[in-house]
Amino acid sequence: MTDLSMNDLMKAKVIGRTEIEDLVVVPLFAIIVALLLGAVAMLATNVDLGTIGLSYLALLKGSVGSLNAISETLTAAAPLVLAGLGLALGFRAGLFNIGAEGQIVTGGIAAVITGFSFAGLPTLILLPMSLLAGALAGALYASIAGFLKATTGAHEVISTIMLNLISYRLLDYLLRMPAIQKEGRADPISKSVPEAAELPRLLSFLDPNLRVHAGIFLVLIAVAIVYWLLFRSKLGFEFRASGENAEAARFAGIHSSVIIVAAMATAGALAGLAGANQVLGVLGRATPGFSAGLGFDAIAVALLGRSHPVGVLFAGLLFGALEAGGRQMQVDAGVSIDLIGIIQALIIVFIAAPLLVRAIFPWGFRRDREGGS
Amino acid sequence: MFSQLFSPRYFCATAAVVMALTGSATAFTACQVTDTGGIDDNSFNQTAWKGVQDAVTDFGIEARFLESQAETDYEANINSLIEGDCDVIITVGFLLGDATKTAAEANPDQKFSIVDFAYDPPIANVLGQVYSTDEAAFLAGYLAAGMTQTEVLGVFGGINIPPVTIFMDGFSWGVDYHNAQKGTSVIVLGWDPDTREGLFTNNFESLDDGRAYAQNLYDEGADIVLPVAGPVGLGSAALADELGTDRLKIIGVDADLYLTDPEKGHVYLTSITKRMDATVRQVIEMAMNDQFEGGLLVGSLDNGGVGLAPFHDLADAVPDDLKAELDAIRMGIIDGSIPVGR
Chain A
3 MTDLSMNDLM KAKVIGRTEI EDLVVVPLFA IIVALLLGAV AMLATNVDLG TIGLSYLALL
63 KGSVGSLNAI SETLTAAAPL VLAGLGLALG FRAGLFNIGA EGQIVTGGIA AVITGFSFAG
123 LPTLILLPMS LLAGALAGAL YASIAGFLKA TTGAHEVIST IMLNLISYRL LDYLLRMPAI
183 QKEGRADPIS KSVPEAAELP RLLSFLDPNL RVHAGIFLVL IAVAIVYWLL FRSKLGFEFR
243 ASGENAEAAR FAGIHSSVII VAAMATAGAL AGLAGANQVL GVLGRATPGF SAGLGFDAIA
303 VALLGRSHPV GVLFAGLLFG ALEAGGRQMQ VDAGVSIDLI GIIQALIIVF IAAPLLVRAI
363 FPWGFRRDRE GGS
Chain B
442 MFSQLFSPRY FCATAAVVMA LTGSATAFTA CQVTDTGGID DNSFNQTAWK GVQDAVTDFG
502 IEARFLESQA ETDYEANINS LIEGDCDVII TVGFLLGDAT KTAAEANPDQ KFSIVDFAYD
562 PPIANVLGQV YSTDEAAFLA GYLAAGMTQT EVLGVFGGIN IPPVTIFMDG FSWGVDYHNA
622 QKGTSVIVLG WDPDTREGLF TNNFESLDDG RAYAQNLYDE GADIVLPVAG PVGLGSAALA
682 DELGTDRLKI IGVDADLYLT DPEKGHVYLT SITKRMDATV RQVIEMAMND QFEGGLLVGS
742 LDNGGVGLAP FHDLADAVPD DLKAELDAIR MGIIDGSIPV GR
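Protein chains in written order, with our numbering: chain A, 3 to 375; chain B, 442 to 783.
No wet-lab data here; the hints were simulated from the structure. Positions of the beta carbon are idealized from the N, C-alpha and C atoms, including for glycine. A hint or two may mislead.
Taking lysine-lysine pairs in the DSSO-like style, the calculated list, with each CA pair at most 30 Å apart, reads [to be verified]:
#1 B:623 <-> B:764
#2 B:491 <-> A:63
#3 B:542 <-> B:623
#4 A:63 <-> B:542
#5 B:705 <-> B:491
#6 B:542 <-> A:184
#7 B:542 <-> B:491
Calculated Cβ distances over 12 Å to all of chain B for the following chain A residues [said to hold, decoys possible]:
#8 170
#9 187
#10 255
#11 342
Please model the entire structure based on the sequences and the hints provided.
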């Protein structure tokens, strides 16, 4: 059903058969092959067939099999989609931003500091303010890499990776500062944000264990905004034009340095929002590991979503489902959580190599276009 | 491959799968949530999991575990187990303290036990397992001070939290005690018990950090290093293995690392054991016999909850006098005549 609605969306724009193949068929087959190879990996590690069946059933049950499972899938997907949208936007503008992790860290810590510093303000003011602080901090942090590229030509891959490492240490340092560190603790952990700054949990009236929170609305709004920005606005056109051919864009009168900084800042704002989503919606505070590699998983999400906002939404949901279901795999079948990592990696391998997927499933594609675009 | 699932040969397995999913377990089930080091860390999480496995062997119960990949997983992992018909949920590690408290208060009928955390005031359905690790670390400090050739010892921790720093405190105090008794001037790099500042990797995962931190301490003259960071210490052991035990020895923590890390077993002078396996097994037994109640379970030198592992390969290198002194100090700590601390 999801694929149908995705198809409809695709058709809304003038998109040919090849695009649909790239956007829908390749990812779908990639997931299937990855699951099959995941089973082979399990076989290779002496897991018997019964357990493999059990683990994939658990994967399904843990991701969509109950209200709690769906709640966990959405909770895990939210930050991945937000950060993935930022990365997708960067990719469209020709920027390979590896720095979502650092932008999540800076966004998260900024949101936490704002949250507990202005405790006492009502939710209606404090929550948007904390979210905004997170987005702003992420945007500023990403702009550093954008600025360096625009002015000196420093490649964003290198500078964002370095900025990630700096952000980890910055976080360690900030979390030990007396103004930020939780009272009575010697380890790096921030004060908790007041309830007014937390993204409210949506279903806690049903069961206090349901963690899904208002961040999912944030995600939907962000998908819509990024879609509009990329495909309906002048700025988005300039992003895409620069991404397709920077030289041509420059000759067409687009200021490439401004575009680079603007694209990085927008990407950073979305990643920062992902960080704020984690600390305000899930944890209620910042700790050294709160980013949890989300920024790197989000790269995979953006690639799997083919850098399209709707694609990123579905890719994020899939990765969220894998994470929530992976937990259930451990509980029910005793299969290592690392296997989920393997399946995710395999999906990426096949997404990155569409020719491979086309070779494995020739009947899924139009014959005369074999060989890909 | 999947078509085979439905062949007669595998039909039973498939049927069993379906049964397992639909039927509910009747046996007593103990569930564990690990910290981020992973279940196979050779030390902290693995020792706690061994307690559950011992209970499986001894009492025939069922067991499940969930590994935490990141701190964002704690709450979700505990929640998944609450759904999974667990008779007792054991959370392993101080960092799970807040998540365990939240879950325990939201699910008052579920029995919880947490390693390394004491709630004040206690929670009715949570049994905390804590350890007087400083007593055993005191012995290790005294031993190391008696063994060092360079009069410099090194220590580093994972994260600056009480269950980690208690090792470093005891170790430092043991060295001080040796200095006071023997007139030596051995120094400990990496931890200051007064300022509460020291050397921390800020994670419990990176073996590379374990190697780098041990290298730094070695470069500063330390010939015995105590890494208090779970699997991170395995990296330090790899360095000691390359340098040779004449130049660098390691003191293990949590389990007897000579046994859990046999490939590098020879580099461990001893280990400061923290018998989480014993307390976890005890908690499960209590829960099975309806003796479970919230509060504290304390492991000490006296009840064997903490201790010093044998010297194994390095037994001949430790002078007999020193061994006798350690025995005397051990008795002194137990009867209270030697205060641990300053």
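Handout entry: In rising order, the numbers of the hints this structure does not comply with
Key = Of the numbered hints, 3, 8, 9 and 11 do not hold.
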